[in-house]
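Based on the sequences and whatever the hints tell you, model everything.
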Amino acid sequence: MSLSRVSRKWLTTIPVDVRRSLSIEEGDAILWEVDASRGIAVVRVVKNPIKFLNGRYSDPNLRYEVVEETADMMVMEMTHADDRA
Numbered sequence: 540m541s542l543s544r545v546s547r548k549w550l551t552t553i554p555v556d557v558r559r560s561l562s563i564e565e566g567d568a569i570l571w572e573v574d575a576s577r578g579i580a581v582v583r584v585v586k587n588p589i590k591f592l593n594g595r596y597s598d599p600n601l602r603y604e605v606v607e608e609t610a611d612m613m614v615m616e617m618t619h620a621d622d623r624a
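Residues in the sequence shown are numbered consecutively from 540, following the working numbering.
Hints in this document: simulated from the structure, not taken from any laboratory. Note that beta-carbon positions come from the ideal geometry of N, C-alpha and C, so glycine has one too.
Here are the in silico distance ranges between beta carbons for each label pair:
| # | residue 1 | residue 2 | range |
| --- | --- | --- | --- |
| 1 | GLU616 | LEU542 | 25 to 31 angstroms |
| 2 | GLU604 | VAL545 | 17 to 23 angstroms |
| 3 | LEU542 | ALA610 | 31 to 37 angstroms |
| 4 | ARG583 | THR552 | 15 to 21 angstroms |
Dropping the structure here:
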């Protein structure tokens, strides 16, 4: 189990043991699925948003907001790709 704190600006650092065990790299997307009734959040690493969405149209948990947020992240990734070169 790992612990991190939330800053005044609502940021947190992913602990190194979590980053290593999930192979999280700079630029990976993090998908948050919240179950407020149980007080838990499931965090998923999304390496390839298109592959993640492929075949998920029949998933009852897939909401418009998730698709929109993933698409927004993909656009941001593509528009900032030149900054990394």
